[in-house]
Amino acid sequence: MYREYDTRDNMYPGHLACSGCGEALGLKLVLQAVGRNSIAVVVPSCLAIILGSYPHSTFKIPVLHAAFETAASSAAGISNALLTQADEDTVVVALAGDGGTSDIGFQALSGAADRNENIIYCCFDNEAYMNTGNQVNSSTPQFAWTMTTPLGKTGGKKNMVEIMGSHKIPYSASTCSCFPDDLRIKVMEAKKLKGMKYIHVLSPCPTGWRYPERLTPNIGRLAVETKYYPLYEIRSGREVKITHYPKNLPLKDYLLAQGRFKHLTQKDLEVIQKEVDRNWNELTRREDQNYTY
Amino acid sequence: MRLFLSGNHAAAYGARLAKPQIIAAYPITPQTPLYEKLSEWDSQGVLGARMMKVESEHSAMAACISASLTGVRTFTATSSQGIALMHELLHYASGARVPIVMVNVNRSLAAPWGFWSEQTDSLSQRDTGWLQFYTADNQEALDTVIQAYKISETVFLPTIVSLEAFLTSHLMEPVEVPDQKSVDAFLPPFEPVFKLDTNKPAAFCQIVSQSEYAKFRINRQMAMEDALQVTEAVDKEYEREFGRGYGLIECYHLNDAENVLVTAGTIGSTARVAIDELREEGKKVGLLRIRLFRPFPKTLLIESLKHAKKIAVIDRNISPGQEGVFCEELKSALYSRLNGIPVFGFVLGLGGINVSPEHIKQVFDITDKMDNAPVNPIVDLENKNVSGI
Amino acid sequence: MPGVCGRVCYNPCEMECNRGHFDQPVNIRSFERFLSEHGQVDIKKDIPINSRIGKIAVVGSGPAGLSASYHLARLGYDVTLFESKSELGGMLRFGIPSYRLPRSILDCEIERILSLGIQTRLKTTIGKDLGWNDLESFDAVFISNGLQSGKALFETIASDDSILMGVDFLADPQKYFLEDKTQKTLIIGGGNVAIDVARTLLRLRHGGKNNITILCPESRNQMPALSEEVKEVLEEGITILNGWVPHQLHKDGGKLLSLDFCPAEVKIDEESATVKIIPIIGEDIQKHTADKIILAIGQTMKSFNLDKVIKIREGTIVVDQFGRTSHRKVFSGGDSIGGKPFVADAIASGKMGAFAISCFLDGKDTEKEFLAFQVGNCQNKNFQHFIDAPKKNSDNLKKVVLFDRINTLFFSLSARNNPNKMEPKYRIRTFEEVIAGLESKQFEEEIKRCFKCGTCIDCENCIDFCPDMSIFKDAKSGFYDFDYDYCKGCGICSVACPRNVIDMVVEKNEVVSIG
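Residue numbers (the numbering used here), protein chains in the order written: chain P, 1055 to 1347; chain H, 256 to 644; chain W, 4 to 518.
The set of hints was computed from the structure by calculation and includes no laboratory data. Be aware that one or more of the hints could be misleading.
In silico DSS-like cross-links for lysine-lysine, where the CA-CA straight-line distance does not exceed 27 Å [said to hold, decoys possible]:
id: 1; chain 1: H; residue 1: K564; chain 2: P; residue 2: K1245
id: 2; chain 1: W; residue 1: K290; chain 2: W; residue 2: K343
id: 3; chain 1: H; residue 1: K274; chain 2: H; residue 2: K564
id: 4; chain 1: W; residue 1: K234; chain 2: W; residue 2: K343
id: 5; chain 1: P; residue 1: K1114; chain 2: H; residue 2: K450
id: 6; chain 1: H; residue 1: K455; chain 2: P; residue 2: K1246
id: 7; chain 1: W; residue 1: K187; chain 2: W; residue 2: K314
id: 8; chain 1: P; residue 1: K1301; chain 2: W; residue 2: K451
id: 9; chain 1: P; residue 1: K1114; chain 2: W; residue 2: K371
id: 10; chain 1: W; residue 1: K491; chain 2: P; residue 2: K1114
id: 11; chain 1: H; residue 1: K553; chain 2: P; residue 2: K1245
id: 12; chain 1: P; residue 1: K1248; chain 2: H; residue 2: K450
id: 13; chain 1: W; residue 1: K58; chain 2: W; residue 2: K154
id: 14; chain 1: H; residue 1: K455; chain 2: P; residue 2: K1248
id: 15; chain 1: W; residue 1: K479; chain 2: P; residue 2: K1114
id: 16; chain 1: P; residue 1: K1222; chain 2: H; residue 2: K564
id: 17; chain 1: W; residue 1: K455; chain 2: P; residue 2: K1301
id: 18; chain 1: H; residue 1: K564; chain 2: H; residue 2: K616
id: 19; chain 1: P; residue 1: K1212; chain 2: P; residue 2: K1114
id: 20; chain 1: W; residue 1: K428; chain 2: W; residue 2: K178
id: 21; chain 1: H; residue 1: K308; chain 2: P; residue 2: K1246
id: 22; chain 1: P; residue 1: K1248; chain 2: H; residue 2: K308
id: 23; chain 1: W; residue 1: K58; chain 2: W; residue 2: K371
id: 24; chain 1: H; residue 1: K616; chain 2: P; residue 2: K1245
id: 25; chain 1: H; residue 1: K455; chain 2: P; residue 2: K1114
id: 26; chain 1: W; residue 1: K451; chain 2: W; residue 2: K428
id: 27; chain 1: H; residue 1: K553; chain 2: H; residue 2: K539
id: 28; chain 1: W; residue 1: K187; chain 2: W; residue 2: K131
id: 29; chain 1: W; residue 1: K402; chain 2: W; residue 2: K290
id: 30; chain 1: W; residue 1: K444; chain 2: P; residue 2: K1301
id: 31; chain 1: P; residue 1: K1246; chain 2: H; residue 2: K450
id: 32; chain 1: P; residue 1: K1295; chain 2: P; residue 2: K1211
id: 33; chain 1: P; residue 1: K1211; chain 2: P; residue 2: K1222
Covered by chain W, per the in silico footprint, the following chain P stretches (three or more residues, Cβ under 8 Å) [stated by the list, open to error]:
id: 34; stretch: 1062-1074
id: 35; stretch: 1142-1155
To spell it out: a stretch of chain H is covered by chain P in this simulated footprint if at least three of its residues, at any positions, have a beta carbon under 8 Å from a beta carbon of chain P; those stretches are [stated by the list, open to error]:
id: 36; stretch: 273-284
id: 37; stretch: 306-313
id: 38; stretch: 463-471
Yeah, the Cβ is synthetic: ideal placement off N, Cα and C, and Gly gets one too.
Starting from the given sequences, assemble the full structure and let the hints guide the process.
Listed below in structure tokens is the structure:
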């Protein structure tokens, strides 16, 4: 049977993501939104495996598989080079994992934001170094089990959306791959703006988070509906807008559905709940007052 | 046009005349005047390139690599800690076969901290697959930068052009600056076949299998080998156009020399003074200054040194646990044909200590008097601090 | 008959509606009524091109008989509908009051059914005007004669006009001159008939102080009447006394009667569906005086010697699950087979009868046919498929989507849209409809609340959520299909589909021998 590929898709099937991968899902959606007139930079992460190896490429657009910590700097190089070729329309999109963004790639990202480079930077957050087998990083949330935090991580999670917002770039937004329309709308919004745009994509990982792979849509949606991971955007460091009002489902529906959190005690849950509530209240307060940093 | 320029500024002119489209750089002593000169021209609207004032050398190299893969000519400059920070990406750039030209101002590496001339920083990168030139004066710096673009864009390998901290970077000399039109005629625009292009989508720098990887590496080695005659041809063409050629090596009083000094960089320039003086005393001495270090001009060296009785090498650098790099590489190059000639290794000028014509005469003297060349380098001319024969 | 069911159905569907487990069930009954008002189709399109050969007689034109006639006509048979009374409709016309089911609506619905070419023989009682044997010329007979007689309580004074049967009253309310408000009336019974009688009487008396009391043995919760009806009758100001059973009747000279009631307990056995009324005879006796007593304690069949033709046990016709009687050519449905006494159940039995008759006449194995078209795991069958097997059947009829298969993360809580109800103080003075229909906006809102369980609505959540781009819409068929070359079998699509259209089924493990 001959199958006609969906023209909206900007990547091909047959890639090597794990079965049930929330990151491949997010990548598909981001690429749909950026469109064909784009150039991508991918760095070592699960994304690089999804991109594939020579002589194949999963992407329908030109892509550079750059060095780990250079997603932002490589994308900036391309963006500037295009300007010297009098091309202001081609969209340059940097695609990195959470480690490549909040850890090793942080410097280049901050530098690019400081220079307000005209790129869309997408961080695909599966909350650990998953490609290398689930080691902890600064995006791993508190109490999470990883191979290098067998007793659960003691520290918290770096809030990249806020950090990027503090750079006062035109657009910094949180998204989740399990809210497809919200993600696509935000990427398309980023496309309209000039300067640095940061999109954080929460990407549930069945392999690392330890849940049955088919439940990826539910895990992603529960993260948002329990207020654990709010969906919102910050413009120019000032205007905060919440883009999805959650259903207030119980936090443990999200956390205890994942093997990486199954050891949580009641006290741990309370600690997390307190943090979640505090963040949400702060967020709603800022939305009302157009809080300035 | 003849201008009184520092090495930094001369190199800056070289870069500007080559008309790169993207310049990504980060300041580090003693490269800063070069970076600042480019910025000044940029602010005056005469630079032509788009400058990316990035937040580290690593990002500078990353930006140059991706910009180059987008099909534009790129330039950067750094020194010491900066080139060390780029190390990972230097491998990447040559593996990606992008013709970046980078000026490196040789400066000693921490720890401890020093700011003066030492060649160890760029020599530490000798395995990264970049072409390397070591210049001895500001004119050579300017001319080599322009030549480097033509060579790089022919063999598709990046090039490092080295100056020396303060000895050439800040020293001012009269320099002949060619006019833009002549340089345009010599160096056409960069138009690569393969580039990131939405009209021809492709993936660059993918994961490869073992055998494919080996293929890429062997190809790169072959390009390096080609670079020898390409460098020679470009240099000859440059000489025809601009009246100045340098060759892969500089030979000074080499033809009938019995004791030959091999060195690179400014020590070569100082050596000419010493050799003049020794020649007046009737000593049959000569100089071979290595200009092109990578690819290493082995055949040429064998050919040029075959009549020498003794060879002394002065390295303003050291690979700890071995010896000076130029000495080591020379010995390795000569071994197959000229292993009868004793090679005396001297490591002088580490950290930017001044190497005077007196020191060089001492080197010749020691070389002349010693029967057998020591295994380890001589690091102290007074005490001849040497271990082992 | 969407106009009828959209008004009077007790909506068992809503009790099972998956949405009900989430917030409130979808207002399916109101949908049916809305469609009857705004979505009429030409049912003559239903008549198949090749009509089947066969003459069928249908006895009784209540909902069961009308349903059987309709479906038999859809199948292409030649149907003759016999009715004792001078008008069609059975209990729809002569049992359900017009404030629940306006007569004009009923007439329209019956008209539509008859337009399929069904012949009618009014004022013809089989067993009286015609013999049962006269029906032998038909190829099959469907009997839906219903339970027309009210059960009596006090046989000795049955002929006394101060005691009425509820069913007789409802058949012609005006006949009994009960408009006088001062006439103290007791209604005995806890079912829908009792409620209908009370509310009809109230309206005859134009509301106000009504002197109407309902007494029944069941507790408020046990009353067989629909809870909606009970609620409405209480709103209208009628008193219901629960837990009482008539004990002794007294005539106190003249026409005034009094009735002793003693407390009663009702035991309902869920499994056998039997109801046991146990009077508690002791000192606790309540005396009620009344001018009229209306009995609504159940109904019986007027069989007219039907028991000579087919097996009747304990007053109901004996049938199997397909409505087949002891005579191979005779089928039955409706109240007379003793099932649930509701319109929907009667209509279902008529459909089942038509189905069984068709199988019988075509010489097909009824059980096998039923299983082939069975919907889910109960008595429903997909009649459309039975009539005309579709070219491409993409429906899995056996699949039942229960609430646990609905992914509620993709839905938000919302209140059910309910139609307007006339206020009690107005409605008690009129026979106008109590409950209105949904307005267009309400209808649109309510549609959104439906989960559309198991039905693909092209929301393309599956395509959106597939990380492997392995689901696509086939341009030719319009159905969604999977690219098995690239599908990894992760199952995300089956979870992302909010309404369980997609199922992940474990493949059979086939062991291949090696060597």
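Evaluation of the provided hints:
1. Distance check on the hinted pair: K564/H and K1245/P sit about 70 Å apart at the alpha-carbon level, beyond 27 Å; violated.
2. Annotation: proposed proximity of K290/W to K343/W is violated, straight-line Cα distance about 33 Å (limit 27 Å).
3. Of the supplied pair hints, the one linking K274/H and K564/H is violated, its CA atoms being roughly 46 Å apart against a limit of 27 Å.
4. Distance hint between K234/W and K343/W is fulfilled; the C-alpha atoms sit about 21 Å from each other, no more than 27 Å.
5. Note on K1114/P and K450/H: the hinted pairing holds, with a Cα-Cα distance of about 15 Å set against a maximum of 27 Å.
6. Taking the CA atoms of K455/H and K1246/P, the gap is near 24 Å; set against the 27 Å cutoff, the hint holds.
7. Straight-line distance between C-alpha atoms of K187/W and K314/W comes to about 43 Å, which puts the hinted pair past the 27 Å bound.
8. With a C-alpha separation of about 18 Å, the suggested pair K1301/P and K451/W falls inside the 27 Å cut-off, and the hint holds.
9. The suggested pairing of K1114/P with K371/W is violated, with an alpha-carbon distance near 53 Å, which exceeds 27 Å.
10. A C-alpha spacing of about 21 Å is found between K491/W and K1114/P, which places the hinted pair at or below 27 Å, so the restraint holds.
11. Annotation: proposed proximity of K553/H to K1245/P is violated, straight-line Cα distance about 54 Å (limit 27 Å).
12. As the CA atoms of K1248/P and K450/H are separated by approximately 24 Å, the hinted pair is consistent with the 27 Å bound.
13. For a cut-off of 27 Å, the pair hint linking K58/W to K154/W is broken: about 35 Å separates their Cα positions.
14. With a CA separation close to 25 Å, the supplied pair K455/H and K1248/P stays within the 27 Å bound.
15. With a CA separation close to 26 Å, the supplied pair K479/W and K1114/P stays within the 27 Å bound.
16. The straight-line distance between the Cα atoms of K1222/P and K564/H is roughly 69 Å, outside the 27 Å bound, and the hint therefore fails.
17. For the hint pairing K455/W with K1301/P, the CA-to-CA distance comes to about 22 Å; that is within 27 Å, so the pair holds.
18. With a CA separation close to 17 Å, the supplied pair K564/H and K616/H stays within the 27 Å bound.
19. For the hint pairing K1212/P with K1114/P, the CA-to-CA distance comes to about 33 Å; that exceeds 27 Å, so the pair is violated.
20. Pair hint K428/W plus K178/W holds up; C-alpha atoms about 26 Å apart against a cutoff of 27 Å.
21. For a cut-off of 27 Å, the pair hint linking K308/H to K1246/P stands: about 25 Å separates their Cα positions.
22. At most 27 Å may separate the alpha-carbon atoms for a hinted pair to count; K1248/P and K308/H meet this at roughly 19 Å.
23. With a C-alpha separation of about 24 Å, the suggested pair K58/W and K371/W falls inside the 27 Å cut-off, and the hint holds.
24. A threshold of 27 Å between alpha carbons decides the hint, and for K616/H with K1245/P the separation of about 67 Å lies outside it, so the pair is violated.
25. With a C-alpha separation of about 10 Å, the suggested pairing of K455/H with K1114/P holds against the 27 Å cut-off.
26. Pair hint K451/W plus K428/W does not hold up; C-alpha atoms about 34 Å apart against a cutoff of 27 Å.
27. Under the criterion of a C-alpha separation no larger than 27 Å, the hint pairing K553/H with K539/H is consistent with the structure, at around 24 Å.
28. The straight-line distance between the Cα atoms of K187/W and K131/W is roughly 38 Å, outside the 27 Å bound, and the hint therefore fails.
29. Distance restraint check for K402/W and K290/W: the Cα-Cα separation of roughly 56 Å exceeds the 27 Å cut-off, and the hinted pair is therefore not satisfied.
30. A hinted pair counts as satisfied when its Cα atoms are at most 27 Å apart, and K444/W with K1301/P qualifies at roughly 25 Å.
31. Distance hint between K1246/P and K450/H is fulfilled; the C-alpha atoms sit about 26 Å from each other, no more than 27 Å.
32. Proximity of K1295/P to K1211/P is assessed by CA-CA distance (about 22 Å); at most 27 Å being required, the pair is judged to hold.
33. Between K1211/P and K1222/P the CA atoms are separated by roughly 21 Å; this keeps the pair inside 27 Å, and the hint holds.
34. Requiring three or more residues with a Cβ within less than 8 Å of a Cβ of chain W, the coverage given for the stretch 1062-1074 of chain P holds, as 9 such residues are present.
35. By the rule of at least three residues with a Cβ nearer than 8 Å to a Cβ of chain W, the coverage given for the stretch 1142-1155 of chain P is violated, with 0 such residues.
36. Residues of the stretch 273-284 of chain H lying with their CB closer than 8 Å to a CB of chain P number 3, which satisfies the three-residue condition for coverage.
37. Taking a C-beta to C-beta cut-off of 8 Å, the stretch 306-313 of chain H contributes 6 residues in contact with chain P, enough for the three needed, and the coverage statement holds.
38. Note: the stretch 463-471 of chain H has 3 residues with beta-carbon separation from chain P under 8 Å; the three-residue rule is met and the coverage holds.
Against the hints set out earlier in the document, violations occur for numbers 1, 2, 3, 7, 9, 11, 13, 16, 19, 24, 26, 28, 29, 35.
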